[in-house]
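Asker: Residues per chain, in single letters:
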Amino acid sequence: DAGVIQSPRHEVTEMGQEVTLRCKPISGHDYLFWYRQTMMRGLELLIYFNNNVPIDDSGMPEDRFSAKMPNASFSTLKIQPSEPRDSAVYFCASSRGHTGNTIYFGEGSWLTVV
Amino acid sequence: DQQVKQNSPSLSVQEGRISILNCDYTNSMFDYFLWYKKYPAEGPTFLISISSIKDKNEDGRFTVFLNKSAKHLSLHIVPSQPGDSAVYFCAAKRDSWGKLQFGAGTQVVVTP
Numbered sequence: 275d276a277g278v279i280q281s282p283r284h285e286v287t288e289m290g291q292e293v294t295l296r297c298k299p300i301s302g303h304d305y306l307f308w309y310r311q312t313m314m315r316g317l318e319l320l321i322y323f324n325n326n327v328p329i330d331d332s333g334m335p336e337d338r339f340s341a342k343m344p345n346a347s348f349s350t351l352k353i354q355p356s357e358p359r360d361s362a363v364y365f366c367a368s369s370r371g372h373t374g375n376t377i378y379f380g381e382g383s384w385l386t387v388v
Numbered sequence: 308d309q310q311v312k313q314n315s316p317s318l319s320v321q322e323g324r325i326s327i328l329n330c331d332y333t334n335s336m337f338d339y340f341l342w343y344k345k346y347p348a349e350g351p352t353f354l355i356s357i358s359s360i361k362d363k364n365e366d367g368r369f370t371v372f373l374n375k376s377a378k379h380l381s382l383h384i385v386p387s388q389p390g391d392s393a394v395y396f397c398a399a400k401r402d403s404w405g406k407l408q409f410g411a412g413t414q415v416v417v418t419p
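The listed protein sequences correspond, in order, to chains A and B.
So the first sequence is numbered by the working numbering: it starts at 275 and just counts up by one.
So the second sequence is numbered by the working numbering: it starts at 308 and just counts up by one.
It should be emphasised that the hints constitute simulated quantities derived from the structure, not laboratory data.
These numbers come from a predicted model, not from an experiment.
Using N, Cα and C, we set each Cβ at its ideal position, and we do this for glycine too.
Be aware that a few hints might be false.
Derived DSS-like pairs (lysine-lysine); straight-line CA-CA distance at most 25 Å [unchecked claim]: (1) B/Lys406 / B/Lys344; (2) B/Lys406 / A/Lys352; (3) A/Lys298 / B/Lys344; (4) A/Lys298 / B/Lys406; (5) A/Lys342 / B/Lys406; (6) B/Lys361 / B/Lys378.
What follows is a list of derived Cβ distance ranges for each label pair [what the hints assert, rightly or not]: (7) B/Ser376 / A/Asn326: 35 to 45 Å; (8) B/Lys361 / A/Gly371: 13 to 23 Å; (9) A/Gln354 / B/Gly323: 43 to 53 Å; (10) A/Arg315 / B/Arg324: 22 to 32 Å; (11) B/Gln310 / A/Pro282: 26 to 36 Å; (12) A/Arg283 / B/Pro389: 21 to 31 Å; (13) A/Gly302 / B/Pro389: 27 to 37 Å; (14) A/Arg315 / B/Ile360: 23 to 33 Å; (15) B/Lys361 / A/Gln291: 41 to 51 Å; (16) A/Lys342 / B/Arg324: 43 to 53 Å; (17) A/Lys342 / B/Tyr346: 26 to 36 Å; (18) B/Gln310 / A/Val327: 18 to 28 Å.
Sequences and hints are given; from them, build the entire structure.
Answerer: Have a look at this one:
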């Protein structure tokens, strides 16, 4: 079975540009999570969805960040405008239900904003 | 607000010896705990979990211990192998919630 698929794997962009990260969760999973990994804070939860509906976006750093899940098989995380401090690895993850279940991560999107 | 803390950023251990990774949490509502392992350039992968109704869970070389009164859990790897060299993340959640909160990770290096 295919795991969580993220694109792009690597992105280098200039400050001020819009960045869109994409995610395809595992089929049948009803929870989708966006995490960011930095050296200082480890893995931070940015936002998560249940059945395509955003449940908790309290981890989204600021208004420059937005996430959507138009259907059960696709989600985007957008940064507009991007800044150098947004440079990090962004992980998408999904799970089936939430009780006692683990979540499965994609391989991550490495973002560098110069 | 870091509710899950891994205070040791790195750990070096000799092959064949025991690796002990520690994790503390502050939210007493957490009732399900997990450890994830991460290799460079890959996403984290699930390693082992424990529910708050238990104080120990074992899976092969990996054992997780939970001390609810101290809000502390630990991961023991016995014996450590070179392939165990990775970053280990502790994570916690309320089982009734969807979201998982992670610690900052501990880099384990197993030396020959």
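Asker: Let me make sure I understand: some of the numbered hints might not hold for this structure. Which ones are they, in numerical order?
Answerer: Of the numbered hints given earlier, the structure breaks none, since each of them holds.
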